[in-house]
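Asks: For the record, the sequence lines run as chains A and B.
Mapping to the numbering used here: the first sequence position 72 is 72, numbers consecutive.
Mapping to the numbering used here: the second sequence position 119 is 119, numbers consecutive.
Keep in mind the hints are simulated off the structure, nothing from the lab.
You may find that some hints are simply not true.
One copy or any two copies: either way a pair holds, since identical chains are not told apart in the list.
Simulated pairs of lysine-lysine, DSS-like, Cα-Cα distance not exceeding 25 Å [as the list claims (entries may be wrong)]: (1) Lys115 <-> Lys50; (2) Lys50 <-> Lys158; (3) Lys62 <-> Lys50; (4) Lys158 <-> Lys115; (5) Lys49 <-> Lys158; (6) Lys49 <-> Lys62.
2 protein chains.
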Amino acid sequence: MSDATAPIRFYFDFSSPYGYFAAEVIDTLAGEYGRRVDWCPMLLGAVFKKNGMQPLVDIPMKGDYSRHDMFRSARYLGLPFSGLPTPFPFASVAAARAVYWLKDRDESAARDLAKAIYRASFVDGLDMSQPEGVLDRAADLGLDRDAVAAGIQDQAVKDRLRDGVEEAIAAGAFGSPFFIVDGEPFWGADRLDQLRRWLQTGGF
Amino acid sequence: MSDATAPIRFYFDFSSPYGYFAAEVIDTLAGEYGRRVDWCPMLLGAVFKKNGMQPLVDIPMKGDYSRHDMFRSARYLGLPFSGLPTPFPFASVAAARAVYWLKDRDESAARDLAKAIYRASFVDGLDMSQPEGVLDRAADLGLDRDAVAAGIQDQAVKDRLRDGVEEAIAAGAFGSPFFIVDGEPFWGADRLDQLRRWLQTGGF
């Protein structure tokens, strides 16, 4: 049965252009059906390592196609996209920790920070692999830069992210974006249409 | 520039449920924009071997998700789907050769045979890995069973399929379904929406 009050779980890796596309639209989509979204950063590297998978852009043939598909998908969705930042894929640990740290204090601000990090990566082409880039985004949002920097280094936050990644894997999230709506999994920005119908109909 | 008279190239493997979904809808979609479809069976095994990839359903986590996603995608698209046949994935050489043989003689009949093989696999759960199953479908369509059987064994047809697979790989087709519209590649049944807009707009 559909629990129309339960939030939509949104797993994403900051080093994921399709995760960025989803991040731009999921709150509005969910809101149309009275749902909130629980933003949960994860680390795809852990999933890939566990399953012997490699990053999309590094896969023969599929990698080249995906680099083209990203631009077309952005145009199709009407979203700004400048391409992949350098380095790519990048370590998104600092970004994920910052969002987890902030989520316990101000969930709305955590979501804004996540969106700002994504846009910095995929619209402005900035390097978000290091704490500096993440802290710049936090400062732009009026957050206390030193407090966020300390949060990224906090052992409790490190543990929180590690647990979050394990939870994501246990929930079946092997890619980004990955959504869970009332127990139903949806992988990919190209499953947002099915996710929408799921919300409309309560399952189909 | 868009050449509105050029056929849409449709690469597919018979051992692909998403290829089946696409096969059910692509002719109608293309027809809405005055296009024909060039049905080109291929063998994903050759691509996987070349690139060190493995079949979708065998990939950890993603395999389990895909088995669920196939059923939901079928419901979303309003298509009959009974699940994966046994064995799966299956060798689709006989099916592909039969379609190539027939394509040179009666392209419309070749398309009908391709659809019948797909439905036998994914609606009726029949084994299409051996010539017998393929010949049964051909006979159902009123084709000469012995002639099709001989066609499957014809060296020229074997060569034609081998060349077709090489051509597909050279064109970048690493999965099924894979479409090329005026040089633009689209991979997956979930890119049919983008393909439609491409036809509508002449590229976006």
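Asks: At most 25 Å between C-alpha atoms: does Lys50 with Lys158 qualify within a copy, between copies, both, or neither?
Replies: within (19 Å within a copy, 40 Å between copies)
Asks: From the Cα coordinates, with 25 Å as the cut-off, is the pair Lys62 and Lys50 best called within, between, both, or neither?
Replies: So Lys62 and Lys50 pass the 25 Å test inside a copy (21 Å) and across (13 Å) alike.
Asks: Cα distance capped at 25 Å. Does Lys49 pair with Lys62 within a copy, between copies, both, or neither?
Replies: This pair counts as both: shortest intra-copy Cα distance 19 Å, inter-copy 14 Å.
Asks: Using 25 Å as the alpha carbon limit, work out where Lys49 and Lys158 are close: within a copy, between copies, both or neither.
Replies: within (19 Å within a copy, 40 Å between copies)
Asks: From the Cα coordinates, with 25 Å as the cut-off, is the pair Lys158 and Lys115 best called within, between, both, or neither?
Replies: Answer is within: at 21 Å inside a copy they meet the 25 Å cutoff, but 53 Å across does not.
Asks: Within, between, both or neither: how does the pair Lys115, Lys50 come out at a Cα-Cα threshold of 25 Å?
Replies: neither (28 Å within a copy, 38 Å between copies)
Consistency with the previously given hints fails for number 1 only.
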